[in-house]
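Top line first, the protein sequences correspond to chains A and B.
Quick note, the first sequence lines up with residues 1 to 365 if you use this note's numbering.
Quick note, the second sequence lines up with residues 1 to 365 if you use this note's numbering.
Simulated from the structure, these hints should not be mistaken for laboratory data.
Warning: the hint list may mix true and false statements.
Because identical chains cannot be distinguished in the list, a pair is counted as satisfied if it fits within a single copy or across any two copies.
What the hints assert, rightly or not - Simulated pairs of lysine to aspartate or glutamate, DMTMM-like, Cα-Cα distance not exceeding 25 Å:
1. Lys134 - Glu92
2. Lys267 - Asp328
3. Lys267 - Asp47
4. Lys117 - Glu21
5. Lys176 - Asp47
6. Lys134 - Glu269
7. Lys117 - Glu36
8. Lys117 - Asp47
9. Lys239 - Glu269
10. Lys117 - Asp257
11. Lys134 - Glu93
12. Lys134 - Asp339
Remember, it's a predicted structure, so these values are computed and weren't measured experimentally.
There are 2 protein chains.
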Amino acid sequence: MIDDRVRQQATKLVEWCVEVEPGDTVTIIANEAAKELVTALHAELGDRGAEPVTVYATMDVSVGLSGEPMRAFLQHHDDEFTSPSHLLALLEESDAVIGIRSDTNTNVLSDVSEETKQRRAEAMAPFMDVLTEKEQVCGTQHPTQAWAQRAGMSLPEYEDFVYGAMLRDWAAVEEKQESLRERLESASEARITGPETDITMSLDGMHAVSDIGERNFPGGEVFTAPVVDSVEGEIWFDKPSMVQGHEVEDVRLTVKDGTIVEYSAGKNEETLESVLSTDEGASRIGELGVGMNEGIDRFTRNMLFDEKMDGTVHLAIGRAYHWTVGEDREQNQSAVHVDLLKDMSEGRIELDGEVVQEDGEFVWE
Amino acid sequence: MIDDRVRQQATKLVEWCVEVEPGDTVTIIANEAAKELVTALHAELGDRGAEPVTVYATMDVSVGLSGEPMRAFLQHHDDEFTSPSHLLALLEESDAVIGIRSDTNTNVLSDVSEETKQRRAEAMAPFMDVLTEKEQVCGTQHPTQAWAQRAGMSLPEYEDFVYGAMLRDWAAVEEKQESLRERLESASEARITGPETDITMSLDGMHAVSDIGERNFPGGEVFTAPVVDSVEGEIWFDKPSMVQGHEVEDVRLTVKDGTIVEYSAGKNEETLESVLSTDEGASRIGELGVGMNEGIDRFTRNMLFDEKMDGTVHLAIGRAYHWTVGEDREQNQSAVHVDLLKDMSEGRIELDGEVVQEDGEFVWE
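Please build the complete structure, drawing on both the sequences and the hints.
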């Protein structure tokens with residue numbers, strides 16, 4: 001028997017996230033541990049007269065869309081990668097794509113060299129572009145022992161967590177998030193204060209986006225981008241972040257005229273240093289996000305959930321999403337986009353001098 | 001650790017069966033139980049600089065390339081099937097295709113109606129055409145508990161059987177089979193005798209083919225087609241055959257002027273009857289095959305192996321393969337091609353009056 005929550009997730013994915021129509025060609029990317037969700041999706045797609053193809057998760061070297069076959073391929077490959085034109089043809093002909101994180105070991109690529117992974121990621125860039133341009137694309141999670149272990153939980157406990165975050169009244173979430181989105185959209189300045197933290201940034205002319213689970217599921221954040229050179233102050237990220245497979249903790253940044261001028265980390269500072277030195281845009285801030293998913297009450301070493309944790313904010317080092325950048329504003333460019341998380345249970349978010357969140361509670365709640 | 005025999009199979013598949021070249025785009029079709037072989041193939045393809053994409057076995061309703069997701073899809077689908085154009089694009093852009101039988105239950109589609117399966121098979125016909133036209137296509141087996149159970153064996157015993165049939169000196173097999181192929185190619189008449197069996201057929205102008213594992217692996221048979229209206233006599237098939245998912249046993253046929261005029265079966269006669277009434281060509285003989293794989297010493301309810309059992313012959317009811325039909329000869333046309341198996345341990349194969357096999361032993365051996 002498939003867990004009924006898996007069926008409900010499949011319904012949400014097909015109806016709410018990618019809005020499948022009859023006749024749509026749908027590609028699912030997953031590995032073997034996601035079989036229950038893949039099966040439930042096939043039932044949903046059958047109901048709607050859409051056509052599924054499921055691709056084993058060997059197209060990407062990122063955590064969540066890789067696996068043992070990809071490790072074997074990369075370990076044995078020592079030349080320049082050629083382009084998998086058959087995969088490109090599949091994706092170009094797909095109306096919708098659903099990617100499922102379902103690793104049996106989240107360290108599966110730990111013994112593949114960074115250089116090989118980098119070369120592979122470059123060869124796959126055209127595929128990521130095809131996915132980015134599609135409307136009906138969504139990434140999601142299937143709970144596995146590996147992801148439960150990484151989150152510090154048993155599998156049944158982790159399943160409760162995952163489905164608690166996913167199976168929400170998304171129409172109600174949309175309404176709630178819209179209150180904040182409108183305020184961020186119209187605000188000129190944001191200020192975040194708290195322990196060892198006082199940072200300001202201009203949001204003037206930038207766009208705010210409400211993530212209600214349409215491109216990744218669960219959703220549950222509202223995000224925007226600061227005007228690049230306007231960020232000023234210091235901030236302490238008291239929640240850990242997963243950065244390139246490493247857990248980076250206790251990050252402190254000092255920002256002047258939009259550029260990070262001082263930094264430290266309590267754990268894996270060298271990973272932070274490597275990220276910051278990637279390119280020019282990597283020492284600027286590309287995103288301000290506010291986590292609003294009330295089903296996410298703890299850090300699970302999985303950014304699909306962490307950045308949406310209720311009562312947190314995050315800033316991203318690096319690339320700004322184009323949706324958040326006003327037409328006449330500069331989009332921060334960088335090869336990296338690394339989210340750093342801050343608990344707001346002792347802190348404030350102010351917009352144009354008005355407190356909108358205090359100690360993790362929105363003032364209108 | 002992956003069984004070293006799985007690695008050897010992967011090497012054979014890539015080097016011998018589909019002869020992968022650097023830069024080739026390769027599609028693997030498998031389900032989750034074949035993960036070890038899929039992983040070993042990725043290593044081989046990495047070594048050769050080829051590009052793999054693995055598709056979950058949901059494209060076909062036949063035993064071996066289906067699974068629980070396909071069952072869910074078919075159960076929930078009640079309209080006309082549309083064409084999965086994304087799958088077609090993938091296959092058209094693939095230089096090579098490797099299909100792997102790896103079911104976790106060979107009855108997975110038993111509660112899908114025959115009518116639905118028939119409609120699906122019709123919708124997928126263009127995909128089968130694309131596969132038929134490709135040079136680098138091979139079907140193979142990964143041993144699973146389900147296939148071991150169906151064969152009446154434990155899994156370790158079945159693994160020994162499967163790899164015993166596959167990991168042979170195929171160059172030596174080719175040489176041995178060539179002796180028979182040449183004799184069949186040049187023969188005018190074949191006669192098969194044994195208990196309750198005396199049947200003759202003209203092979204004049206038809207072609208003989210030696211299967212050494214290039215389109216399905218393991219190989220190990222030599223086959224040709226009779227001149228359609230030349231088959232005369234009676235034959236008792238004392239080995240069971242799997243026909244449309246049913247085990248048909250003890251089939252007896254009487255053939256006059258190439259047409260089956262009498263038939264009976266000791267088990268599932270109604271299945272045989274249904275096959276024979278499919279169309280006009282379904283009451284004619286489309287193939288004469290001789291099993292020559294010395295690693296296959298028993299019936300395992302899997303035609304990939306059964307028809308190659310050493311010391312057996314098989315006739316197929318229905319469609320003749322175009323490779324076996326001479327340019328000026330009629331190709332028997334039918335929607336079906338059903339192999340029926342006969343043990344030759346008490347019998348003879350004669351070509352133009354000369355005995356070539358007696359009691360299962362070739363005279364030149």
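Against the earlier hints, flag every one the structure doesn't satisfy and list their numbers going up. 2, 3, 5, 6 and 10
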